[in-house]
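Visitor: Residue-level listing of the chains:
2 protein chains.
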Amino acid sequence: MAENNLVNVAVVGATGAVGEKIIEILEHKNFPINEIKLLSSKRSAGKRVVFNQQELTVEEAKPESFSNIDIALFSAGGSVSKKLAPEAVKRGAVVVDNTSAFRMDEDVPLVVPEVNEDDLQSHNGIIANPNCSTIQMVAALKPIQKAFGLSRVIVSTYQAVSGAGNQANQELEQQTRQYLNNEEMTAELLPVKGDEKHYPIAFNALPQIDVFQDNGYTFEEMKMINESKKILHAQDLAIAATCVRLPFFTSHAESVYIDVEKGGLTVEDIWSALRGADGVILQDDPNTQTYPTPLNASNKEEVFVGRVRKDLDNTKGFHLWIVSDNLIKGAAWNTIQIAEHLVMNKWL
Amino acid sequence: MAENNLVNVAVVGATGAVGEKIIEILEHKNFPINEIKLLSSKRSAGKRVVFNQQELTVEEAKPESFSNIDIALFSAGGSVSKKLAPEAVKRGAVVVDNTSAFRMDEDVPLVVPEVNEDDLQSHNGIIANPNCSTIQMVAALKPIQKAFGLSRVIVSTYQAVSGAGNQANQELEQQTRQYLNNEEMTAELLPVKGDEKHYPIAFNALPQIDVFQDNGYTFEEMKMINESKKILHAQDLAIAATCVRLPFFTSHAESVYIDVEKGGLTVEDIWSALRGADGVILQDDPNTQTYPTPLNASNKEEVFVGRVRKDLDNTKGFHLWIVSDNLIKGAAWNTIQIAEHLVMNKWL
Chain A
1 MAENNLVNVA VVGATGAVGE KIIEILEHKN FPINEIKLLS SKRSAGKRVV FNQQELTVEE
61 AKPESFSNID IALFSAGGSV SKKLAPEAVK RGAVVVDNTS AFRMDEDVPL VVPEVNEDDL
121 QSHNGIIANP NCSTIQMVAA LKPIQKAFGL SRVIVSTYQA VSGAGNQANQ ELEQQTRQYL
181 NNEEMTAELL PVKGDEKHYP IAFNALPQID VFQDNGYTFE EMKMINESKK ILHAQDLAIA
241 ATCVRLPFFT SHAESVYIDV EKGGLTVEDI WSALRGADGV ILQDDPNTQT YPTPLNASNK
301 EEVFVGRVRK DLDNTKGFHL WIVSDNLIKG AAWNTIQIAE HLVMNKWL
Chain B
1 MAENNLVNVA VVGATGAVGE KIIEILEHKN FPINEIKLLS SKRSAGKRVV FNQQELTVEE
61 AKPESFSNID IALFSAGGSV SKKLAPEAVK RGAVVVDNTS AFRMDEDVPL VVPEVNEDDL
121 QSHNGIIANP NCSTIQMVAA LKPIQKAFGL SRVIVSTYQA VSGAGNQANQ ELEQQTRQYL
181 NNEEMTAELL PVKGDEKHYP IAFNALPQID VFQDNGYTFE EMKMINESKK ILHAQDLAIA
241 ATCVRLPFFT SHAESVYIDV EKGGLTVEDI WSALRGADGV ILQDDPNTQT YPTPLNASNK
301 EEVFVGRVRK DLDNTKGFHL WIVSDNLIKG AAWNTIQIAE HLVMNKWL
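Chains as they are written, first to last, in the UniProt record's numbering: chain A, 1 to 348; chain B, 1 to 348.
Isolated chain A, as found in the complex:
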């Protein structure tokens, strides 16, 4: 870190959907940057990006790119992180990694700052940023867990295509135009780029995000399950997920059922736990049709919660509707929050 408390930052995957958001937020939040380096694959290298009125050239990410870097923010896919994150650490950088490469490693903290900031302290050079659908859920559940205990979570997701990158946005837009023009829709990417079958996402719903695991769950579903337990420090939490891709561009929504440990609670009790919570905004009033939606949550950094209802049969059961921008709190903003906490607490 430079004497002036400013840091040298590298953004890896600078031309991707999340990388673009990271650059936008670093600028907007006046992150204490001495120098910034924008890195990408060989294919995207050479692109020009404006940052704080300066035109920068994106360079190909290589091991030696990380000399003299204090913080490297990775979001260029798991294989890039696996290869280059250790190289960055070797050269003295702290890595905040936005892929699934290191999330479940025991010596890698997996952090949502509002939930488990203290876990940052024990880092060994790499900190993992959780999956988008996990972040917004644990941000909303942590205050409830803290106040009343939490024993069971059953979540069904409603996920935006941008979680699969800029190409997925283009595919949704193209298919939508094809459908409205009575042309056949061409599906080449979703649900999973590397998988054999592709289904149209426009005017459809695909119950597959990421590849299938041996137990019949998708990797996205297992990420939500395993990451939530790690972040909430709750290995015994019973948790299940069904993850579904839907035809909208931005923000994930989640229909979440929970069992709390404390009995006799009312909707008002859940509301008061959520009202005081960092980074959470309660939008819940049936009388005025107030509830969060993906469109309204887009381009905002908070996690929005509404439709809180008491289960009609289980006295410890509640239902919630949780919405947040998957590229901001679900990715770029949470990554930068982690970097901010590292700088502020001098945990670099």
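No lab work stands behind these hints, which were simulated from the structure alone.
Pairs count within a copy or across copies, as identical chains cannot be separated in the list.
Keeping only pairs whose Cα atoms sit at most 25 Å apart, straight-line, the calculated PhoX-like set for lysine-lysine is:
| no. | residue 1 | residue 2 |
| --- | --- | --- |
| 1 | Lys42 | Lys193 |
| 2 | Lys90 | Lys62 |
| 3 | Lys262 | Lys316 |
| 4 | Lys82 | Lys37 |
| 5 | Lys146 | Lys316 |
Given chain A's structure and the hints, the job is docking chain B onto it.
Guide: Relative to chain A, chain B alone:
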């Protein structure tokens, strides 16, 4: 009924989304019709509709329209049914009503033929067709309930706009074009025509279907809860629903968690219960990315089930993904199935 076993049929709401489907299916299935009468509101009366190569004129529905009618199929909204269904019964017709007007009346059978055909026998002139989102769920859950018992259901829905009628389809299409043209989206109908606030549905998700009840649930959610108990003859079933409107035209999808009563079951056990079930098609193979989607289920009359998974914590818990065309099995086809069973069994 005429001597030749042919019946005189009236379709009320003949120009609506469901009415159009009813006419199409009556023709396609060669329903044993002697005479057909197409009825509508005053506003839509006079429209011309072709049925079996004959051009028919839609007439305004009035009490005297039902003289000499054997079966009247109503889908013109609850207030029309409340007013005219008793008039039709008074004139000797049996009414199959596709609105929520009579569904919870104790002396009105609420029927999905594959599930509770026998309930038809006790009718007093009116039979209710369940809500679209209910029909497909109970059709898939009945074989599981029958084989293994069922104690708990938690459902999150993914519902098509056509459930809100032809105007909602037009609104989705218009908003989609506006969005793609970078114009502001105009929202005038969804989520609920008569409610104060309207939100865009294009590229969005609305966690409100029908009006809010005093307990914070929407009427759609309470319909799913109460109707399922009645159809499954399971007043003690613990059941909760979260209903969400999404930007596609046809077919509802449902992410369903269930607790069965029998222990030690595997996914294969659930599969075998579903495989033999009337009107249900299993589409479930992670290895070949086989699962139902709304686009693939559209214009089909069956209920499709996939993504069957065993819960990772609760040994009696399973997850399912249930998809069906909301206008066909969810409305028109179930209505006509009821009429067919009435005719076949001479229960008119």
